[in-house]
Amino acid sequence: MAPSKGGELRERASAGHSVSALHVRTASGGFQKHQSAPLPRLQPLETTSSPTASVVNEELPAPMAAAAPKRVAVFVEPSPFTYVCGYKNRYCNMIRHLVEEGCEVLVVTTGKGVSAPGTDTSAYRDAPENYHGARVVSSFAIGCPWYWQLPLSLALSPRIFSELRKFNPDLIHCSTPGLMVFSAWLYSKLLRLPLVFAYHTHLPKYLPRYNISFLIPALWSLLRLHRIAHLTLVTSTMLRNEFLEQDAAPAESLQVWRKGIDTDMFNPRFKSQEMRERLTAGNPEAPVLVHVGRLGSEKNLKFLKGMLARLPGARLAFVGDGPAREELEAHFRGTPTVFLGMLHGDELSAAYASGDVFVMPSESETLGFVVLEAMASQVPVVAVKAGGIPDIIHSEGVGGYLYQPGDIEGATNLVKRLLDNDELRMAAGAAAREETTKWDWRAATRQLLNAQYPVAMAAAKAEYGSETSPRPSGDSQTRQGEAGAPAFA
Numbered sequence: 001m002a003p004s005k006g007g008e009l010r011e012r013a014s015a016g017h018s019v020s021a022l023h024v025r026t027a028s029g030g031f032q033k034h035q036s037a038p039l040p041r042l043q044p045l046e047t048t049s050s051p052t053a054s055v056v057n058e059e060l061p062a063p064m065a066a067a068a069p070k071r072v073a074v075f076v077e078p079s080p081f082t083y084v085c086g087y088k089n090r091y092c093n094m095i096r097h098l099v100e101e102g103c104e105v106l107v108v109t110t111g112k113g114v115s116a117p118g119t120d121t122s123a124y125r126d127a128p129e130n131y132h133g134a135r136v137v138s139s140f141a142i143g144c145p146w147y148w149q150l151p152l153s154l155a156l157s158p159r160i161f162s163e164l165r166k167f168n169p170d171l172i173h174c175s176t177p178g179l180m181v182f183s184a185w186l187y188s189k190l191l192r193l194p195l196v197f198a199y200h201t202h203l204p205k206y207l208p209r210y211n212i213s214f215l216i217p218a219l220w221s222l223l224r225l226h227r228i229a230h231l232t233l234v235t236s237t238m239l240r241n242e243f244l245e246q247d248a249a250p251a252e253s254l255q256v257w258r259k260g261i262d263t264d265m266f267n268p269r270f271k272s273q274e275m276r277e278r279l280t281a282g283n284p285e286a287p288v289l290v291h292v293g294r295l296g297s298e299k300n301l302k303f304l305k306g307m308l309a310r311l312p313g314a315r316l317a318f319v320g321d322g323p324a325r326e327e328l329e330a331h332f333r334g335t336p337t338v339f340l341g342m343l344h345g346d347e348l349s350a351a352y353a354s355g356d357v358f359v360m361p362s363e364s365e366t367l368g369f370v371v372l373e374a375m376a377s378q379v380p381v382v383a384v385k386a387g388g389i390p391d392i393i394h395s396e397g398v399g400g401y402l403y404q405p406g407d408i409e410g411a412t413n414l415v416k417r418l419l420d421n422d423e424l425r426m427a428a429g430a431a432a433r434e435e436t437t438k439w440d441w442r443a444a445t446r447q448l449l450n451a452q453y454p455v456a457m458a459a460a461k462a463e464y465g466s467e468t469s470p471r472p473s474g475d476s477q478t479r480q481g482e483a484g485a486p487a488f489a
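As numbered in the UniProt record's numbering, the sequence shown has no gaps in its residue numbers, which increase by one up to the final residue, 489.
In short, the hints are calculated from the structure, not lab data.
Keep in mind the model is a prediction, meaning the values are calculated, not measured.
Possibly wrong hints are sitting among the right ones.
[Unchecked claim] For each label pair, taking beta carbons as the anchor points, the in silico distance ranges come out as:
(1) Arg310 to Asn241: 31 to 37 Å
(2) Arg310 to Phe182: 45 to 51 Å
(3) Gly306 to Asp346: 18 to 24 Å
[What the hints assert, rightly or not] Derived DMTMM-like pairs (lysine to aspartate or glutamate); straight-line CA-CA distance at most 20 Å:
(4) Lys112 to Glu163
(5) Lys205 to Glu245
(6) Lys302 to Asp407
(7) Lys70 to Asp170
(8) Lys385 to Asp407
(9) Lys88 to Glu100
(10) Lys205 to Asp247
(11) Lys302 to Asp262
(12) Lys88 to Asp346
(13) Lys88 to Glu129
(14) Lys385 to Glu242
(15) Lys205 to Asp407
(16) Lys88 to Glu329
(17) Lys385 to Asp346
(18) Lys189 to Glu463
(19) Lys189 to Asp170
(20) Lys461 to Asp170
(21) Lys88 to Asp440
(22) Lys88 to Glu252
(23) Lys112 to Glu252
(24) Lys302 to Glu327
(25) Lys112 to Glu129
(26) Lys166 to Glu129
(27) Lys305 to Asp407
(28) Lys305 to Glu327
(29) Lys305 to Glu326
(30) Lys305 to Glu409
(31) Lys88 to Asp321
(32) Lys205 to Glu252
(33) Lys305 to Glu329
(34) Lys461 to Glu252
(35) Lys189 to Glu163
(36) Lys305 to Asp321
(37) Lys205 to Glu242
(38) Lys271 to Glu434
(39) Lys302 to Glu285
We treat Cβ as the ideally placed atom computed from N, Cα and C, and that holds for glycine.
Using the sequences and the accompanying hints, generate a full structural model.
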């Protein structure tokens, strides 16, 4: 986006507009105002600067630089193949693109297991034996005691260690937080391998939602285990700064892992009148706010009820499912809100593209993929200024607008501004679409492979020297593309 375009958007946004008590969609697609009342002039938001944003514009490293690893072992829990969560897209795309870049990949993840009686165990199943050429090994799973739907695994067994030695990796990449960090660390020590931790779920932000804030200091003590890794990847600049403040990882081994987006799958061409009928419960002429994501109590979704009450004539649609769905349905009962449940493929793409404004109230987002997906669908975003979101919406109007946590009036005014001004809304949507063309999965994977993994490899070499543990010579039997029946740890 050229600076002049962004300036034009900010100039329009700062002008302020009256907001209607009732909006009716006209034949041209705009909203005709009735019973309008003037609102105070809105001031432009503070523009934020993001190191991640500057990285996006840098020249991409060439694929498979000399220092890049050839074989990567990925430890990830819960399984991105069976459990729907924020980093599912992250890991599925990373694995696929690592293979496309010429890497051999072994994935160790959760499989069948045990949980509490009556728990939804749909995620407790084996992953495919092969995913886009990467061999997958399933490990016996156990439910997280305070969130039984979430499968975890220690992945500590002679079988998995044998699989790892046969694969002969150059590097171990392990998702955190979780139980697999312990086995990944032990295996990396035994095999004298570089160890990369990738932090995705910011637990200190979740604990207050469950009334256990007193555990936050102890939790940070556990998170300082990231110091044992040769490289720690976090998902936003804010998280990196917080890790540094808490001494959770040294600065020289702490980096932001770029996000990516499939701009073909999330695209304005999927905009659909039929989907709009579903989003609005048969009132397609009304403006509609859309939220896509897991319905959990930590997502701060009840915040949207206050926003909706301040937007007469507007409607709200939730796309997704989760443990808090029944509670949220009761909370929003009597409001113009629909719950569409889980959508996939073209239906999900249409749900994004057919809304007017995408709203994101969660203050604990480390990834923010749904924000990128909405932007790619040419829908402007109004989101809280927290977590990983400012790394995506780093300039006002370029993709959307940010409000301060808890500021219901500020959030509502931003949504009103977009609903009341067709030109601004369309311009912000177009700017959002243009911005996402810079967030490409291939580019993100090349940076990981050629610029970030080598940091861990250099640190491991400094620790271990040139010595390596004995590796079997017949590791070809487990190279990618060959099936092997997954057993249980």
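Here's how the hints hold up against the structure:
| no. | hint | verdict |
| --- | --- | --- |
| 1 | Arg310 to Asn241: 31 to 37 Å | holds (33 Å) |
| 2 | Arg310 to Phe182: 45 to 51 Å | holds (48 Å) |
| 3 | Gly306 to Asp346: 18 to 24 Å | violated (33 Å) |
| 4 | Lys112 to Glu163 | holds (18 Å) |
| 5 | Lys205 to Glu245 | holds (15 Å) |
| 6 | Lys302 to Asp407 | holds (13 Å) |
| 7 | Lys70 to Asp170 | holds (7 Å) |
| 8 | Lys385 to Asp407 | holds (10 Å) |
| 9 | Lys88 to Glu100 | holds (18 Å) |
| 10 | Lys205 to Asp247 | holds (17 Å) |
| 11 | Lys302 to Asp262 | violated (29 Å) |
| 12 | Lys88 to Asp346 | holds (18 Å) |
| 13 | Lys88 to Glu129 | holds (17 Å) |
| 14 | Lys385 to Glu242 | holds (15 Å) |
| 15 | Lys205 to Asp407 | holds (18 Å) |
| 16 | Lys88 to Glu329 | violated (25 Å) |
| 17 | Lys385 to Asp346 | violated (30 Å) |
| 18 | Lys189 to Glu463 | holds (11 Å) |
| 19 | Lys189 to Asp170 | holds (13 Å) |
| 20 | Lys461 to Asp170 | holds (11 Å) |
| 21 | Lys88 to Asp440 | holds (16 Å) |
| 22 | Lys88 to Glu252 | violated (28 Å) |
| 23 | Lys112 to Glu252 | violated (38 Å) |
| 24 | Lys302 to Glu327 | holds (10 Å) |
| 25 | Lys112 to Glu129 | holds (13 Å) |
| 26 | Lys166 to Glu129 | holds (16 Å) |
| 27 | Lys305 to Asp407 | holds (13 Å) |
| 28 | Lys305 to Glu327 | holds (13 Å) |
| 29 | Lys305 to Glu326 | holds (15 Å) |
| 30 | Lys305 to Glu409 | holds (12 Å) |
| 31 | Lys88 to Asp321 | holds (15 Å) |
| 32 | Lys205 to Glu252 | violated (25 Å) |
| 33 | Lys305 to Glu329 | holds (11 Å) |
| 34 | Lys461 to Glu252 | holds (15 Å) |
| 35 | Lys189 to Glu163 | holds (16 Å) |
| 36 | Lys305 to Asp321 | holds (18 Å) |
| 37 | Lys205 to Glu242 | holds (12 Å) |
| 38 | Lys271 to Glu434 | holds (17 Å) |
| 39 | Lys302 to Glu285 | violated (25 Å) |
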